[in-house]
Amino acid sequence: MYTAEELTYCAQRIASEDCQQSYRRLFHWFYKPLQQFAAAIVRSREQAEEIAADALVNVWRNRRQLPQIGNLRIYLYVSARNIALNYLKKQHRQSTLSLDDMMVEMGPVALNPEQLFISAEMVNRVQLAVHQLPPRCKLIFKLIREDGLKYKEVASILDISVNTIDNQMAIAFRRISQAIHLHTGPVKQGMK
Amino acid sequence: MQQDRIWQLMSRKMAGEASAEELEELEQLLRQRPDALFTMEVISSIWQPQQQGSSDADAAFHQRWGLLQEEPPRQRRLWPRLAAAAAVLLLAGSFAWWQWGRELRKEAVVQKSEISTRNGSRSRIKLPDGTLVLLNSGSSLVYDDEMNKQKVRQVEVIGEAYFDVAKDPERPFVIRTEKLHIHVLGTTFNVRAYPEDRYAEATLIRGSIEVILPEQSNRKILLQPKQKLTVFNKAREGKPATPELFTVAALEPIPVADTMVFAETGWVENRLTFRNERFEELAQKMERWYNVKFEFEKPALKEFRLTGALAGESMEQALKAMQLIHSFHYRLTRNSVIIY
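Which chain is which? The protein sequence lines are A and L, in order.
Its first residue numbered 0, the first sequence is counted upward by one per residue in numbering that gives the first Met the number 0.
Its first residue numbered 0, the second sequence is counted upward by one per residue in numbering that gives the first Met the number 0.
Among the clues, some could well be false.
[What the hints assert, rightly or not] Listed below are the simulated DSSO-like cross-link pairs for lysine-lysine, each with C-alpha atoms no more than 27 Å apart in a straight line: (1) LYS219(L) x LYS89(A); (2) LYS166(L) x LYS89(A); (3) LYS225(L) x LYS88(A); (4) LYS89(A) x LYS150(L).
[As the list claims (entries may be wrong)] Have a look at the derived ranges for each label pair, beta carbon to beta carbon: (5) GLN223(L) x ARG23(A): 32 to 40 Å; (6) PRO213(L) x LYS151(A): 40 to 48 Å; (7) SER97(A) x PRO168(L): 27 to 35 Å; (8) VAL161(A) x LYS297(L): 53 to 61 Å; (9) PRO33(L) x PRO134(A): 27 to 35 Å; (10) GLN19(A) x GLN223(L): 29 to 37 Å; (11) GLY69(A) x GLN27(L): 35 to 43 Å; (12) THR2(A) x VAL173(L): 48 to 56 Å; (13) HIS130(A) x GLN149(L): 48 to 56 Å; (14) ALA165(L) x LYS151(A): 52 to 60 Å; (15) MET102(A) x TRP46(L): 17 to 25 Å; (16) VAL161(A) x GLN223(L): 32 to 40 Å; (17) VAL161(A) x GLN27(L): 19 to 27 Å.
Calculated from the structure, these hints are not laboratory results.
Yeah, the Cβ is synthetic: ideal placement off N, Cα and C, and Gly gets one too.
Next comes chain L alone, as it looks inside the complex (with noise of 0.2 Å):
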């Protein structure tokens, strides 16, 4: 130990650690000891390390920045929510989704059901096995007719859904989607996956799923209740393809009357929820709600962002709502909306 004491001096040296009796105690030890001398001046000469390159920095800087970018910023709620008023709306549609039903067609062993929603209608499914699926707005489900034969019960997904799954500790249900594959093990849970879209979402609301990220060589992510997982898509403009992003985040809830929504699960209530979204992605959202389409002549309107949730209004009141905190104009044509 107290052979030691030295080279801990030494090192507070070297590290700008040593106090003013240190330095002199050293001092007095050195005197001792020209070995040790001739070491801490080889280390001396050392210690300052090199540069590294920063190339791999530089890199990973300019990947994550443009994802940054993107993303929705968290820190301030620019709108106050909107009043929130109570209908209902459901309509249930179906329409065929032929290049997705080819491609299943091919590998079809057995009698596999498509269930599909067009924009503006969502649907309510009792799987065989007692599951219970909400399905959004232009989306679309799909399931083996007997998987209660199978040991694996496995749905596909286009777009978002919520599932109430029914509990079977003996054959594990699993959600396909694109960008994830869910694994539930008894639960309630909201997937958002339309291929459109700049994320993919998996929201769990009780019990407990493990999402695996096929693209990201398998991950696998297990997610607490009330946090969701968003992982960001691949295409961006004339880059070059970069290793995905995903995050974990809690969720927060939105004050809407007397009571909490989460933006993510609130269409299941009728309600067209949003969380400090960009009027853009906001637009898209309300396409599939109100079956229309959106046109912004000035595109710095796509950058407004919103927070609030419409239940039972009509498009004409939902935009007339926005339009008493933001000025904007709106027209309508036969089947879009055009901002301006």
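Next up, chain A with everything else stripped away, as it sits in the complex (with noise of 0.2 Å):
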């Protein structure tokens, strides 16, 4: 991951100097997710490495007006759904986001290698768990802790309120600590 003090530096030395390491860093930061986030829209690995990638251009092609955007974060995600949604609609299948209608995928979780109390089988289960929410839930959950997402950033990339953000990561942590405590032993067992 990056910090916004690296992000803003990146974009400064892109928009001041045509840095091309910097302008490299933010395919490393960006690629990934936003293919993931595109492939949530159009269902298609490949379509969705297109877009990324097409976001990506943009910034370059942009690189001018870079210091008058607010948030590359916003611009980057934003431009991804646009061209994912332009995609949809010369496709004839949609032109608008359908938040329920999402397949998002997830990256590996990943145990924190301190916390070793916590068993693989309990990875596990979150793990399922996130697999089985709700694609908007899904999607909410991981823009938020994958990607890093701030709340306010992620209802500008998808139209939504940050009321919303705030239940839908509720029912996520709901889900997921009941996985948690499914059959799980004594601990819990008196505190119902």
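Join the two chains, each given in its own frame, into one complex according to the hints.
So this is what it looks like as structure tokens:
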């Protein structure tokens, strides 16, 4: 992952010096997440790869305007979203975002090595619970956790309210919690 | 709802969105919910995403970077436009494209006509169905003599042509080039598909067209008026074949005298127009326009960017005008221009 400062720095170097190295870093940070985001919309991996690259190419083509772009992350995701919707439109499939019809692929869940007391079994349960989330909920959860986006950013990208994000994240956490405590022994037996 | 409050707060905490008050509230709630505390520990242990492999990103970067380097940049205009004078140059010529013709003959069922123009000449053709075609230099057009009897009116183009298609809702008009197949629904547009150029273009002036990319699993693109589609050609020095890239962009007019022209269709009015084009690419256009060969002795000169329009100028007048803005020398030999 990258920090906000790193991202700002890269954007500045691209805008003012045509810095190839910074642009390459942008690809490293965003290509995969954008590809997964686009795949959720168009349901095609190959197409999603094109879309992710196209969104990043737009940044280079419009690099002189970068200083005027408030938030580069929102810009990238929104442009991937628009390219994806355009593609669907051309396929005569749909032209608006339908969050309940997404195909969200999750990255692998990795255990923080410091927390050895959590078993692989527990990780599997969490992973399964996440996979079984409804599409809208799953996408929001992914964008927040995996892609590290802020609530407000997700709200702009998906054109929903922060309130909706709060609710959907609560659903995800509740379901994960249920999965963790399913058939677990005495720990929470007494808690109920 | 009240029940979900704890999960909302937990999520906000994880995402770094929680305020001090919210963190406090969460603390309170967790005191009565050890099960939720355990959930929080599990989730926080996996919250940090795994670093994902970036080899795909790198491959995508290299592919796109290569293409970006070859694109004409759009943000700067280094050359002021050239003054335009009026004169008309219209010559028609024809010339056999034997290799292409041979291929066509193999499958020829109906009688086809072929019209070609050599470099330095252009031609105006009226097809049997009333469609008007202007054929630019070094181009050729093939059509069925009996296209009026076909269900689909079909023509083939190599090079550049401007179409004003006669309306006939019953029978679609299809233009085929190597990179682009264009389905016309009654309209005016320009197609540019010289095999030696780095990209092929379809530019729509009015009406609507659907462009099909045969090499990209027949991908379909619908163009709006004043838009152009550019498809980049595959062959690149030393690199394996990459998936082709295309772009759709709005046309940008160039001011010429007291009017605006589009670089893409200026030739129709006997103007050689160019927008922020590399000297090398412009030279390629001038080769066709004036029927000469260009040679660059200094490769750096190929990179100069030029914007402008040439109308009646002779080639020497044009070169002299260009010299006013960029310093370069040229000398003429029998059949070529040497830039140094």
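>> Flag every earlier hint the structure violates by its number, smallest first.
In response: none
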